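Construct the entire structure; sequences and hints are all you get.
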Amino acid sequence: GNSVTQMEGPVTLSEEAFLTINCTYTATGYPSLFWYVQYPGEGLQLLLKATKADDKGSNKGFEATYRKETTSFHLEKGSVQVSDSAVYFCALTTGGGNKLTFGTGTQLKVEL
Amino acid sequence: GAVVSQHPSRVICKSGTSVKIECRSLDFQATTMFWYRQFPKKSLMLMATSNEGSKATYEQGVEKDKFLINHASLTLSTLTVTSAHPEDSSFYICSAQTGGGVEASYNEQFFGPGTRLTVL
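Sequence lines, in order, name chains A and B.
So in our numbering, spot 109 of the first sequence is number 109, and the numbers just go up one at a time.
So in our numbering, spot 78 of the second sequence is number 78, and the numbers just go up one at a time.
Simulated from the structure, these hints should not be mistaken for laboratory data.
Any given hint could turn out to be false.
With a straight-line cut-off of 27 Å between C-alpha atoms, the simulated DSSO-like cross-links for lysine-lysine are [unchecked claim]: (1) B:K64 with B:K14; (2) A:K99 with B:K66; (3) B:K14 with A:K60.
Simulated restraints, written as ranges between beta carbons of each label pair [stated by the list, open to error]: (4) A:G95 with B:F39: 23 to 29 Å; (5) A:T28 with B:E87: 26 to 32 Å; (6) A:S83 with B:S83: 31 to 37 Å; (7) B:S5 with A:K56: 30 to 36 Å.
Keep in mind that this is a model prediction, so the values were computed, not measured.
For glycine and all other residues, C-beta sits at the position ideal for the given N, C-alpha and C.
Okay, here's the thing in structure tokens:
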């Protein structure tokens with residue numbers, strides 16, 4: 001079956017620090033990969049996605065590259081802001097009605 | 001972007017009672033809605049997929065008689081937890097999707113803010 005593993009949090013960083021949140025996956029078939037973000041009190045929002053190997057998804061300064069050889073989709077941002085504080089979920093789908101398989105989520109706290 | 005609401009945001013009930021949670025797509029029509037359950041420090045677990053006007057498809061291990069799902073319109077799906085017990089306490093999240101969930105493509109899911117259920 002499909003599964004997603006992401007690093008446990010919380011991750012606490014100072015503003016302008018570099019962020020990496022690791023995500024690896026196992027999948028039957030050829031997955032599409034996603035990062036979702038959940039701000040306090042809100043629903044999950046799609047942050048970025050990549051649908052094939054070597055694709056790079058990017059949005060709001062965040063990036064993630066689909067690495068088939070290492071089955072990874074690590075999330076990075078060069079300079080985080082306090083407003084980036086949220087929970088980040090890595091997810092995948094292999095089609096079949098677009099069912100998403102999520103990782104456990106990583107809480108990010110950015111301090112001044 | 002598309003907005004999905006859930007009501008109530010929090011509910012506390014006594015053991016043995018039933019609780020209904022609503023999921024609404026506010027500015028688009030959702031042919032498919034998904035219901036998830038989230039345990040503390042765990043990933044979101046898909047419970048069921050519902051398509052408007054048809055019976056929901058439940059994931060393995062999810063009791064369909066326990067978790068009743070109705071998707072009566074293109075903007076509303078409901079999840080009823082029947083005869084709730086303390087082990088049903090959890091965070092329930094819905095998502096709504098336009099399109100028919102075509103195998104070869106991905107239609108974005110828009111998520112509600114979740115409902116915290118506590119069963120005493």
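Quick rundown of the hints versus the structure:
1. B:K64 with B:K14: Measuring from Cα to Cα gives roughly 21 Å; hence the hint holds.
2. A:K99 with B:K66: 21 Å, holds
3. B:K14 with A:K60: Between K14 (chain B) and K60 (chain A) the Cα gap is close to 44 Å, so the pair fails against 27 Å, i.e. violated.
4. A:G95 with B:F39: 23 to 29 Å: Once the Cβ atoms are compared, 26 Å apart, the range 23 to 29 Å for F39 (chain B) and G95 (chain A) holds.
5. A:T28 with B:E87: 26 to 32 Å: 30 Å, holds
6. A:S83 with B:S83: 31 to 37 Å: Roughly 43 Å apart at Cβ, these two residues miss the hinted range, so it is violated.
7. B:S5 with A:K56: 30 to 36 Å: Holds, since S5 (chain B) and K56 (chain A) (Cβ atoms, about 33 Å apart) stay within the stated range.
Of the numbered hints listed earlier, those contradicted by the structure are 3 and 6.
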